[in-house]
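Q: Please arrange chain B with the ligands on chain A, whose structure you already have, making use of the hints.
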Amino acid sequence: MKMDNQFSVYKQICKLSYLLFFLLLLSCSSEKNEQEDEGYTPVFVSLESPQLFRDKIIAPVIPENNPLTKEGIALGKKLFFDKILSKNNTVSCATCHNPKKAFTDNLQFSKGINDNLGTRNSMPLFNLAWNFDERFAWDGKEFGLEEQAFEPVTNHLEMNSNWKEVANKLQNHTEYPTLFKQAFGDTPIDSNLVVKAIAQFERTLISGNSKFDKFLRGEIELSPEEENGFAVFIDEARGDCFHCHGSEKNPLWTDNKFHNNGLDTNFSDIGLGAVTGDPNDNGKFRTPSLRNLEFTAPYMHDGRFSTLEEVIDHYSEGLQFSTTIDPLMKKIDKGGTQLTNKDKKDLKAFLLSLSDYDFINNSSFNP
Amino acid sequence: MKKIIFYFLVSSFFILGCSSDNDVKLQNTKITINFNHSWEDEKVTKDDFNDVKFTNKNGEKVSIEKYRYLLSNIRLVDANNIETKLSDYLLINVGEEKNLSFSTEQLILEGTYSLQFNFGFSGEDNEKDYNDLNSVNFNVPSDSPLNGGYHYMQFDGKYTSSSTTTPAPFNYHAVKAEDIKNPAQPTPREPRDTSFGVTFSDILVNEGGEVIINVNSNIAEWFENPHTWDLNKLNTVLMPDYDAQILMNENGQSVFSLQTDM
Ligand code: HEC
Ligand code: HEC
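Line by line, the protein sequences are chains A and B.
One point on numbering: in the numbering used here, the residue at position 235 of the first sequence is 235, and numbering is uninterrupted.
One point on numbering: in the numbering used here, the residue at position 112 of the second sequence is 112, and numbering is uninterrupted.
If we strip away everything but chain A, and leave its shape as in the complex, we get (with noise of 0.2 Å):
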């Protein structure tokens, strides 16, 4: 501090009654909220962030609107597994995301009602709170988990119903009634309530605990393939991958932001483009995070590839000219870096190294 002392004394106390007067200002209106509500009130909960996320990165995103409960969570658990979301009873969103495959499932394209197939991968669930730019799906078409919550229920191949029936259906169900009460109070059920109630138990589902997460935190030590491997990963001339997915400080693995990485010169579905509305944008994805890959199987936004050594064939040797390719994809005449066999094997490594066990196992997260 090279500011003249005394001055800046004075300035900080400015400062400072400043910042009382607004502290007052704002206590004295903030005293009548707690009468309203009567009756039943719910248990508000805060987010159990791992450790290595609140080091490393910003707070979860959570709308103001929808304060996460312990009802709210325990009422969109329910609905997140009930068939009764869709018209004849028989898809639930865990239907394609399924917990014990980090909330994905493993087909190409996922089998919604009447076993119609849709167009694109089934996404894992986990870590939503933290996709700071709420943008969802792998175009980033829904903006908020809430509004993402009210896609597939109406969605003709997903669940095909419609929100006046799926209200009706709940409220003559012997359970829901109460359970929307306790969450929500007396507010008539409706989808507003389904799609908050959905998105509070999406905002649980977090994984923090892999091998990799043991060894940042210091507990465990990597092989020497996965250390390599994560060497590969970070190195610009070879792997490059940390630029999109993150490294050690970015816990999420994932920019979550859209990139064309590669997969073809012309598109048979344009992706981010489709909702921009940019040909500057045709081909580009959102970029997945890497953990639980073990279970998420196939892989990209089409399912395309079936295997990890798949997807880093792509990256090695297989990537596509495209327009709008992402500059991060070098030498792309010669369809990628060529990594050594070695290297390929040792990245694949490192990747299964941020698997999360913990995570598909929590019984919290049964139906």
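Source of the hints: derived by calculation from the structure; they are not laboratory data.
Predicted model only: the values in this text are computed from it and were never measured.
Honestly, I wouldn't trust all of these hints.
Stated by the list, open to error - Which stretches of chain B does chain A cover? Using the computed rule of at least three CB atoms under 8 Å from a CB of chain A, they are:
(1) 112 to 121
(2) 130 to 140
(3) 235 to 241
Stated by the list, open to error - Pairs of lysine to aspartate or glutamate residues, derived as EDC-like cross-links and limited to a Cα-Cα distance of at most 16 Å, are as follows:
(4) K100/A to E294/A
(5) K128/B to D55/A
(6) K46/B to D278/A
(7) K257/A to E96/B
(8) K98/B to D133/A
(9) K257/A to E97/B
(10) K214/A to D358/A
(11) K211/A to E294/A
(12) K57/B to D193/B
(13) K128/B to E248/A
(14) K98/B to D132/B
(15) K214/A to E248/A
(16) K98/B to D47/B
(17) K57/B to D230/B
(18) K128/B to D193/B
(19) K46/B to E97/B
(20) K257/A to D133/A
(21) K348/A to E309/A
All C-beta atoms in this analysis are idealised placements derived from N, C-alpha and C, irrespective of residue type, glycine included.
A: The following block gives chain B with the ligands in isolation, referenced to the frame of chain A:
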């Protein structure tokens, strides 16, 4: 309640005090810095991205797909070297239009100041943890020969030249210079802090006024001065390239300028 009244009295006393003391001419002044970008004299915004349309000094055609950089320790400094910190750091992202304009209210004396900041984090600042920067993958892996810290800049795009007709990528990433040990370089050179300071003098702060400062980055300068950059030779894998980092540091010095006619 007594306590509250006490605070109320004390704080209103100070607020009155703040605004009525003529001797120090201490005033709340809004300071705005706009970060503008150009290619030579042509303004550049995100609408100019993704188009291989700029020409650099060496004759390559260039597109911009990502342009984000970090400025740290942004401050106003008066004639007696008294500093008023405006911001610890800002990550400016042209493609996402983040932090293109920065405003702050400061209690500051009227007078003539210089605006100073660092391009990148210098010294120890580069060794701390910044959760917001980690969250957007701006860090440099610490388990690597690059030895952690943060990017100063990520400037990605594609270029074409007489020898490269299909647009090829470049990753003009500025970081601290670390010499990587390899068979050809058995005794690596000392790491070098390649962040650099930028100073603009004659910033006038008038009584009760609002100060608007326009800082321009001429992106073409990265390829131009004093070293003519050859993208055919230096395009990707520049983070572990000690010499390339020194060139970036030297070319970067003329990137920033103060715009007076805005
Ligand atoms: C028929 C299979 C299917 C069903 C049923 C289904 N989903 Fe999905 N889900 C998908 C697919 C496929 C995607 C990717 C969609 C896209 O990118 O267009 C997806 C994406 C998502 C995402 C985005 C994740 C992210 O990181 O962006 C969320 C959240 C989600 N689903 C939640 C739900 C919820 C909640 C339900 C129940 C209300 C549900 N899903 C029902 C297949 C399904
Ligand atoms: C330019 C950013 C970028 C870089 C660099 C990058 N990826 Fe990706 N990665 C993506 C995107 C975007 C997708 C999804 C693409 C799609 O589905 O169309 C993806 C998908 C994947 C998937 C599939 C995950 C899933 O759930 O389907 C894996 C595995 C993967 N990348 C690993 C890597 C590895 C290993 C590297 C380094 C060799 C790497 N990535 C480099 C952006 C990147």
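Q: Looking back at the hints listed earlier, which ones does the structure fail to meet?
A: Of the numbered hints, 1, 12 do not hold.
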